[in-house]
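Since chain R is already given, all that's left is putting chain W on it; use the hints.
Each protein sequence line maps, in turn, to chains R and W. Residue 71 is where the first sequence starts when you use the numbering used here, and the numbers rise one by one after that. Residue 2 is where the second sequence starts when you use the numbering used here, and the numbers rise one by one after that.
There could be a bad hint or two in this list.
[What the hints assert, rightly or not] Simulated DEER-style distance windows between Cβ atoms:
hint, chain 1, residue 1, chain 2, residue 2, range
1, R, T289, W, I255, 41 to 51 Å
2, W, E357, R, A340, 37 to 47 Å
3, R, V274, W, I255, 31 to 41 Å
4, W, K336, R, R112, 55 to 65 Å
5, R, R112, W, E302, 19 to 29 Å
6, R, T289, W, N253, 46 to 56 Å
7, R, V274, W, E357, 57 to 67 Å
8, W, E338, R, R254, 40 to 50 Å
9, R, K155, W, E302, 37 to 47 Å
10, W, E302, R, E385, 31 to 41 Å
11, R, D267, W, E338, 41 to 51 Å
12, W, Q343, R, T289, 52 to 62 Å
13, W, E217, R, E341, 51 to 61 Å
14, W, E302, R, E299, 25 to 35 Å
[What the hints assert, rightly or not] What the simulated footprint calls covered on chain W by chain R, stretch by stretch (three residues with Cβ under 8 Å from a Cβ of chain R suffice, anywhere in the stretch; the number is not a length):
hint, region
15, 260-268
16, 307-316
17, 320-326
Simulated from the structure, these hints should not be mistaken for lab results. Computed from a prediction, not measured in an experiment: that's the story for all the values here. C-beta: ideal position from N, C-alpha, C; glycine also.
So you can see what is in the structure, the chains are spelled out below.
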Amino acid sequence: MTGTKKKKAIAIDTSSGSMAFNRFEMQISQVLHMAIELYDTRDFLFVLDHYDDITLFDDASNPQVVSYYQMKTSDEHILFSTALKDDWITKLYIQQEKSDWLVKELGLITNCPVHISISKVEAKDKKSVTVILDKEKTPFVSFREEIISKIKGDIAEKSNISIDDVDLSKMVHIKTTLSIERHRDIVEKELTDFLNDKYSSISVDSVKTIFSTLIALLTKKQSVENLDENAVFDKVRAKKGISRSDLDKVISRSMLISIPDINAIVPHFAEDELLNMFNAYTQISGDRMKKDIVLENLILSLDEEMQQLKIEKDETVAFYVRRISESVRNKDRYLSAIRDEMYIRVLGTCVFINKMRVRQ
Amino acid sequence: MKEVYFKNIIIADTVKHTARFQDFQKGLNVITSTDNHVGKSSLIKSLYYSLGAEVKFDGVWDKNSKIYITTIQVDEQEYKVARLQKNFAIFKDEELILLTNSVGHDLASKMEEIFSFAIYLADKNEKKVKLAPPALTYMPYYIDQDKGWSDLYGSFDGLDQFTKAERKKSLYYHLRIYTRYTIEQMAKRDELKEKLDTLKKSEAELRITINALSNELNNIVPADSVEELQRNISLPKEKITDLVKKIGNLRNEIQELESSISQSEHQLSIIREYKKIKDDKGTVGVPEHTCPRCGYNFDEELYETVRTNYNISNEDYLTQQVEYIVSTLKERLAKREELYVQLSKQLQDVEKSYDESEDAYNVYLRGKGLQESLNRFSLALKDNVFNQHEIAEEIKDIDKELRKLPNKKEIENIYIGYVRLNIMGLGAWNASYDGTIKLLQPIKAQGSLASKIILAQCIGLFQTMAAKSSTVTKFPLVIDSPRGNEASDTSSRDILETISKIDSLPQVILATVHFEKFVTDDIKASKVTVLNDKNKLLNEKDYQDHQSIIEDTFELLKSFAMTRK
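Chain R on its own, in the form it takes in the complex (with noise of 0.2 Å):
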């Protein structure tokens, strides 16, 4: 699909809502990209349409510092000369001024290079520059001196201030690895090889509901519209806002409830319980998905119990989770009467496998 025809396209349809659509699709994957990028290095807070495209905090609660931006995209590539037509770059030089905290960077996200083309017009034969953006970040600043100027002179004369005082130190153009077509697979690997750099013994299964749930919030959070420009930063933070921390309980969460593979599981029976093994490893994925409360909340009880009763030195799986498996039962007859002890100790090896796993 060529961007000519996307553009015809969305010219038949709503004005720029297909394009806008593509667009926040891939702002998402774009967040989530840049949420492993830091992951290792800083606590963050993404805010998500409402200070700009993307608003990066460098902290969840108490922010000081702050970082905007714009997310563009097309099918092949953008002229900068409609960067400036249509306010990009003014609009974002602006945040600096409005902005309530220290503002760290400024930076133009495309998913393709930036062709910049100037003429020189003091020259006789109005020759023009002509520079394609296409690094993965480029300050503008190091650009060539008539697009600085072309750039000062736009953002002057639409900010009504001083071409001077125009400060592009803060700005930059960041071009993305993610593609339209596949940026949702690029995240995911990306997020899938981040998981499994963390965690080796990851499941699959944790892979894609961390995946899958970290989309989920993020299109929540994008879509969530109309606040007042003015909200306070903790109901935007609520409403719009994703951090480190929100990362982590997806992840450790995910990773608790996985259900392993059942060729994890064998090795923890013996081979007279293997077919009541089976039965009950099914009838807890039928659970899992019928999102069953007796499962989530023994699930919980096993979590718990473990953090209480450590495995002994020389204890095996088998034994340490029957162990589990007893005091629970003990503790909740309830659940001691509709789950059979086989249910609850292969749920039992479920969860100690996937804390063994969070552990690594």
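Frame of chain R; chain W shown alone:
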């Protein structure tokens, strides 16, 4: 040798209070009269009757209304034998030594004891040798007026329990050819011979059976495969038990697997159902977990999102897992089913081989049974042959023992010699008698010769006894009317002379009419009693003279008879 003779007899009618006391001497005692119907025969008949024989009295003589008390002398000992109907009492001196109504047993036994003589004959009903009643002992010593002269040894009644031939064999006792011991030996020999016959019959049957069994056994399992057979039969049994157990367990496993598969498939359908619902919606559901007012994501809501997304993201994964389980279970099931089929086939084969082994084993068992039977029969045959041999030896011994007895033939020849001489002496010899004189088959003659021939044979027996059997007990000869059938005076004289010359017996009691006519130096009697009053044999005087003994004895026997009724 013992000698027995009558000392006296009391015949009493306790109703009429009449009696006859008649005493006797050793030697010849003659009861005579000039007329008939004076009671000679009744007196004569009463003698052996009183000692237990049965005789046929004259029709007017009521033997049952009378008591008979006879005193006999046996060597130095005197005995009284009293008879009232079928009841007997024996006194030794004054001591009662027997009181009985059993002639065949008690009386016969007591008489044997008293006489040291008895006859044992084979009872024709009981087919065994038994003590004969005393009449057999007296048989050669009595010639009845009515029966004795036509049938020697046929004078007594009531001996039908023995055949005539058997009765005549009693003569051998008198000649010491037979004794109780010998007759017992003979009886034993007869019994042994019978046994031998049975054994021979049994031997033949055994041989047939053994032969049949041997033929049968020729086709049966050889003995050295027995252990193998037993092993063969026990192994499949164990194997069958093992297989049945395995198959049972397998069946349970299969049922459990089928149940597990069904359960897993049910769970799979639940998972797929959820997937279908989601697919139908066509969008990834993002539940409302955020506070609608402030937009805050509570942890619990975050977790709920995680759970929801787990399901959304992992139906395929869970489906795969459960499908994997189902396929694993199905694989297991298939393996179990295959194993089940294999084991069932094995079981079938083992059962078949077991059947065959069992058949072979049954054949073996049958063979073993046959072998055991054969062994048993062979042992029986061995026993049989051994027993036959033993019996044959015993019979031989008995024969040897019996051969030591006086030779029948020799004795018979002596007897024949005496009889021949006696007949000649009586002038009754006829050449046709040659070769017809036999001890057990007395000659019968006609007319006036009859008495002489009978007498000649009767005396011939006593003569033979004297010649060959000096130790045998001898009894008084009682002869009634030897001169019957219109004997001439000469004949009568010859007869009486012959009788009077009998010296081998302790006593002869003879009843005859007109004895006085023939008394000569050659014919002398020790005692002659003349009866002349017709029908007056019994009289009141004799009763009174002997009233005490008559009545005492009568009371004794009568009261005894009463108690026996």
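Hints, one by one, checked against the model:
1. Separated by about 50 Å at the C-beta atoms, T289 (chain R) and I255 (chain W) satisfy the suggested range of 41 to 51 Å.
2. Distance hint for E357 (chain W) and A340 (chain R): a CB-CB separation of about 42 Å, consistent with the stated range 37 to 47 Å.
3. Taking the beta carbon of each, V274 (chain R) and I255 (chain W) are about 33 Å apart, inside 31 to 41 Å as hinted.
4. Roughly 57 Å separates the CB atoms of K336 (chain W) and R112 (chain R), a value that falls within the hinted 55 to 65 Å.
5. Distance hint for R112 (chain R) and E302 (chain W): a CB-CB separation of about 26 Å, consistent with the stated range 19 to 29 Å.
6. One distance hint, 46 to 56 Å for the beta-carbon pair T289 (chain R) and N253 (chain W), holds here, with the actual separation near 53 Å.
7. As the Cβ distance of V274 (chain R) to E357 (chain W) is approximately 60 Å, the hint placing it in 57 to 67 Å holds.
8. Remark: the range hint 40 to 50 Å for E338 (chain W) to R254 (chain R) is upheld by a beta-carbon distance near 46 Å.
9. Restraint check, K155 (chain R) to E302 (chain W): a C-beta distance of roughly 43 Å satisfies the suggested window 37 to 47 Å.
10. For E302 (chain W) paired with E385 (chain R), a C-beta distance near 37 Å keeps the hint of 31 to 41 Å intact.
11. Taken as a hint, the range 41 to 51 Å holds for the pair D267 (chain R) and E338 (chain W), whose Cβ atoms sit roughly 47 Å apart.
12. Range check, Q343 (chain W) to T289 (chain R): Cβ separation about 58 Å, and the 52 to 62 Å hint holds.
13. The hinted range of 51 to 61 Å is satisfied by E217 (chain W) and E341 (chain R), whose Cβ atoms lie roughly 57 Å apart.
14. At about 27 Å, the CB distance of E302 (chain W) to E299 (chain R) agrees with the hint of 25 to 35 Å.
15. Coverage of a stretch by a chain is defined here by at least three residues with a beta carbon nearer than 8 Å to that chain's beta carbons; for the region 260-268 of chain W and chain R the count is 5, and the condition holds.
16. Remark: the region 307-316 of chain W is confirmed as covered by chain R, as 10 of its residues place a Cβ nearer than 8 Å to a Cβ of that chain, reaching the required three.
17. With a threshold of 8 Å between beta carbons, the proposed coverage of the region 320-326 of chain W by chain R holds, since 4 of its residues qualify and at least three are required.
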